[in-house]
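Enquirer: Chains as they are written, first to last, in our numbering: chain A, 1 to 451; chain B, 1001 to 1165.
Just to be clear, a hint being listed does not mean it is correct.
Derived Cβ-Cβ restraints for the label pairs, each shown as a range [stated by the list, open to error]:
{"no.": "1", "chain 1": "A", "residue 1": "Gln200", "chain 2": "B", "residue 2": "Ala1154", "range": "20 to 28 Å"}
{"no.": "2", "chain 1": "B", "residue 1": "Asp1145", "chain 2": "A", "residue 2": "Leu214", "range": "25 to 33 Å"}
{"no.": "3", "chain 1": "A", "residue 1": "Asp366", "chain 2": "B", "residue 2": "Thr1076", "range": "48 to 56 Å"}
Partial list, derived from the structure: chain A residues whose beta carbon lies under 10 Å from chain B [as the list claims (entries may be wrong)]:
{"no.": "4", "residue": "Val196"}
{"no.": "5", "residue": "Arg202"}
{"no.": "6", "residue": "Leu225"}
{"no.": "7", "residue": "Pro334"}
{"no.": "8", "residue": "Phe378"}
Honestly, the hints are just simulated from the structure, not real lab data. Don't be surprised by glycine CBs; every beta carbon is placed ideally from N, CA and C.
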Amino acid sequence: MNNDNILSDLVPIRSIHYKPRLWLLHFPFLTRTLFGFLLFLVLGTFPCEGKLVIDVENPNLAKMPISIQDFVADAASPLNGSDLAAILKNDLYLTGLFQIVEVHAPVTPNSTSEPDFEVWSRQGIQALILGNFHVRGDELVLEARLYDVPLRKLELGKRFTGQIGDHRRMIHRFGDLVMERLTSVPGGFSTRIAFVGDSQSREVYSMDFDGYGLKQMTRNGTINLSPEWSPDGRSIIFTSYMNKKPDLWLMDLTTQRLFPLSTRTGINASGRYSPDGSLIGLSMSFEGIPKIYMISTQGQIIKRLTAGRGNDISPTWSPDGSTIAYVSDQAGSPQIYTVPVSGGQPRRLTFQSNYNTDPDWSPLGDLLAFSARIDGRFQVCTIRTDGTDFRVLTDKGSNQDPAWSPDGRMMAFSSNRDGKTLIYIMDAKGQIQVPVSSLTGKGPAWSRTSQ
Amino acid sequence: MLSRYLMHGMIVLLATLALVSGCSRKIVRPNQVPQGPVAPFGAGQISEQELQGVQAELRIVYFDYDKYSLSPEAQTALQYNAELLKRVPNVNVVSEGHCDERGTSEYNLALGERRARSVVDYLVGLGIVPNRMTTVSYGSECPVDPAHNEAAWAKNRRVFLRVSR
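Excised from the complex, chain A in its bound form (with noise of 0.2 Å):
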């Protein structure tokens, strides 16, 4: 877990030299005015698409097609240059924003030529990526580009070094890079998911978010639940019965030790951290019925949030931590209700199915993915946080638990559509879902920090 020194290591240390084009790379306002006048002069028209961008909010988005090209090694190498492209289209893939196109390339790319950009638009592709590497002892360097096809323009050049154990994390931050670049925000394929055990064993497990990497986080033989990283990714927060009732937990990832969060008579449940990580919201009973309170880092009572006779659960914090939505079935079945943290009246926002479960607030701040109740089973769904555009992103077995990744691009979640309950992935309109963990597992809480 001392990712910190590890990170140190995949940070992308410079732009890659592209001699063709070097003093243009450090000006890339330039460059592109550049490009679009030179493109004005051949076209006699402004170009409509100046730069390579995804414009995810455009509801009619057209799959941007994307080739990898299998990644070239120097010599022989332990490593195989596909299995390297491989994670990349699979990152990328799972966005649901592109259309991984396979092209082989005539020409064998490498470090130094310059792609031939006709034989990549003439199939239609927008953009390119490349990438080589060398393997020294234990030391790999990796290098990965990204093109602009139409512009005929390098977009960006990372090169990484490590160890050859870390060739999954350099590929996904090149992606979380790729992301950023064309979304500006960045990816979240360097992050973890943890979740429980759904077996004779609920200790707490945490994965890459696309299920390699498997660790068991927990030992101590109990039920556990309700797995939540901390925002800084340095503690996980999680309730488990290992003094044989329902108390907060806190376990430090750096040194694996264990603090009691909250251990009030009752339940102690459903612990989620405020965005800035100063405070958790919780479920509590000690004071009879289950309410919403926040709770400092140290376990001390800040306030309560709700009253009334509803069992009150499942907090989630707005992104600017300014309200937060929970469960409660008050009006007597359980319903999504949001609360100011400062205080006020909550107001229901589900109205839609007769059981509503298992908020969680998108990062980007418009929609709650929740489980509703629906022809018997539950299905994950959305909402826009004024209680519009519902929308149900499954279909097949139940499906509950969603969690955002930190961009709010994707969602884990657990489904038992194939039999076992297993932890899925799927992109935040719902058109792509895998399976990603190879153990039975629910409660999945993605990380908010890369590793």
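Got chain A; can you put chain B on it based on the hints?
Expert: Then chain B, alone, in the frame of chain A:
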């Protein structure tokens, strides 16, 4: 402060290693319904055997889907349980609330707590001293019947009263 937490954590961890999970799976036998009252117990400490006798006699209370209100059958069972508990005033009771698998873990945790509390409140109304009783919700984490059908769900929506000396 930190070292105190640390100590607590260590103690809890060690204690946990020595104990199995709190699931009542192994002890609960939902089909076993005792008919008549059992032999009277003394007012003092009772033996482990006597305690097990009380445990076996206590009736499990069942609930409707997504409900924590007590049905007439549940009330009858609790009246029986109250009479039993009055004979053993030194026995403590944990009211363990459970739900069926439908719904989410977190909501079921709240629901299980309300079921456990409904039972405690009703027993208090029948004259059982409140400080003999505590609640623990297991939500949907400890089904007695792991099947995915109505019969299993009905058995799993329950409050189990666990006695200790």
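Enquirer: Would you pick out the hints that fail for this structure and give their numbers low to high?
Expert: Violated: none.
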